[in-house]
Amino acid sequence: MSHCELITGNEAAAYAVKLVKPHVIAAYPITPQTSLSEKISLYIESGEIKAEYVTVESEHSAMTVLISASTMGARTFTATSANGLLYMHEQLHWAAGSRLPIVMCCVNRGVGAPWSIFNDQQDSFSQRDAGWIQMYCRNNQEIIDTVIQAYRIAEEVYIPVMVCYDGFILSHTMMPVEIPEESLVQEFLPPYTPHTEISPESPKTVNPVFFPWRRENHEGVLCDGYMEKRYKLQDALLHSADIIRRTNRDFAAMFGRDWGGMTWEYRTDDADIFIVGMGSLAMEATVAADELRRGGIRAGVLGIRVFRPFPCREVADALRGARAIIVFEKCVSYGQTGGFSTDLKAALYGTGITAPLHNYVAGLGGRDVKARELTEAVEGSLTAIDGGDGEHKTVWLNCFTG
Amino acid sequence: MHDNIFKINDKEFLLPGNRSCQGCGLSLAYRFILKALRENTIVAIPPSCLCVLHGLYPTASVIIPAINCTFAGNAASASGIVAALKALDKPDITVLALSGDGGTYDIGIQSLSGAAERNTDFIFACYDNEAYMNTGTQRSGATPMGAITTTTPLLTKREKKKDFIKIMEAHDLPYLATVSPSYPMDLYEKFVKAKRIKGTRYMHIDTPCPPGWGYAAKDTIKIGKLAIETGISILFEIEKGKLRLTGRSETIAKKGKKLPVVHYVERQTRFKKMSMEQLSQLQSSVDDRWNEYVGRAEL
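Those protein sequence lines, which keep their order, are chains A and B. Going letter by letter, the first sequence gives residues 1 to 402 in this note's numbering. Going letter by letter, the second sequence gives residues 1 to 299 in this note's numbering.
Where hints are given, some of them may not hold.
In silico SDA-like pairs for lysine to any residue, Cα to Cα no more than 25 Å straight-line [claimed, not checked]:
id, chain 1, residue 1, chain 2, residue 2
1, B, K161, B, S280
2, A, K204, B, K273
3, B, K161, B, R248
4, A, K21, B, G17
5, B, K198, B, P210
6, B, K35, A, I198
7, B, K198, A, T337
8, B, K273, B, A217
9, A, K204, B, G17
Partial list, derived from the structure: chain B residues whose beta carbon lies under 7 Å from chain A [claimed, not checked]:
id, residue
10, G256
11, P260
12, V262
Keep in mind the hints are simulated off the structure, nothing from the lab. For each residue, glycine too, the CB sits at the ideal point set by N, CA and C.
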């Protein structure tokens, strides 16, 4: 039977790992991921998780261990944050290029320099183009459910999945979480079958040097060049959106919780003012939407659950009737605007949606963002937009820029 | 001891026509390593001469399963194979990580030290050709003082070769050995032995490189032998803390006399700018090291 426990986000992730029964885990501690790797160590030493836990000397090695283990046919898990994720960067590309269904939690934290141990989403955002699926959670229940879903998605499409959740705000905050029943998880998640068999009976060299062009093998069969291999990754990533939607539906049918697939919406049925965000910041925006509605503004929230592949279809459908789009985000594409809004604007191009888009960079390095501040920001934007200022603009919320 | 080369496993795992250079010391060493380790082996390959030797997709020159990994991660990659084999209950497969000196001394040292500290059950072999040869002979931590490389083109390398074998010995490994492709039976014997031992085993291969060192491809065996004859490289093994000289090094220590290093140096164009002072420094550090190892060995 499923049961409910009061646990932190990191404990929810550890619980999910226990339920999906990985074969190989490798992790290197970093704040705020640490209590997750500690909890897993406890499960391993107490025998509750029967896996090989490689206590590596770095995040780079953590991902390297998983790449080999996953290639060999093992289900794998790791978790990291901030500079640990950046240190893995080379291996993130390698994992995706190798089409390995590795699942990793990214406990979102600001990146150095200067040092911050506190939350924003610059870490995972800066890994946007590594070829991973990126999913963002809004509460601890979604963390446990998304980690379970992530394995099924990853192992179906052979693409690694990063499950992102906000450091401290979720990782260290307790919430009641329903723990899915183990037998149901086993039913939901079939065993992992690697795409390539590696054994002495079938000797092959995996991921050798590829030429720019296609080449014939010894039987005269024309084989992929580097570009074909890379195209296949892009194609699979784009098509994974369907698998993500279906997995979410199947999960909802089995466990009774629907997280929305690619995106989720709050009070959008009659909304003309759309607040857009990812993770816990988008949850905060739901409080702001309520407050705005009390003031007569028909506000709703479009929450981004999956950032890669980008939910082009969902955002275009949701924002069709928007009079104004207000994006709050914890990442920056330095030299451009807020990181998410650059992608959002690109996705809206050609859809006919021309609503003004205001973008607020908020909460970097753990700066607290209150619903009241979001409300005021939306009101300020609407005053400007109603006054004829339809320009896209970026504001650093609650930040001294003088 | 395999005193006769005909007693060596006659199966070939490294096929002819591979992409190594003419006279490649690695190619020769790898051939005998695979003969010693046999079918039940998986190799982790960093980007290096070995990666090129294995072939360009979709052809491969080696009939042993191999997984390419990134440069810094050879030992971690092997750790992942080891962990998966254990978790998936596939025992009796030997895992070999084979890096050049760059992937061992320099960019690979972190993951190697970590894997060795965890006593990961694998063989890490370093084919030390004393520079970044795959990218065209740039200096490495293993390049000897006085050698010309493309990143020490005029002044030669001014620092001494890192004593990496000592670094690995400090990890207190169950087995550590040095080998040379010029002495294939000694090499074969040591890899056969290493295969039987559990835990992290470190094998150091003194690997002559014709284009990088500047000698004719036909002289690889000769250059490799001169390294041993002059004491620049010493053949030994350390098992459970006990050091034993082997093969030609043991013979030289017992009754022979080692040659002056100039015999080795003068045959390689990489040393053509070596100063007399650098030469005498090399001789004296080789002598000191030789005396230390002979002193430690139980002859």
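Sort out which numbered hints this structure fails and list those numbers smallest first.
-> 2, 4, 5, 7, 10, 11 and 12
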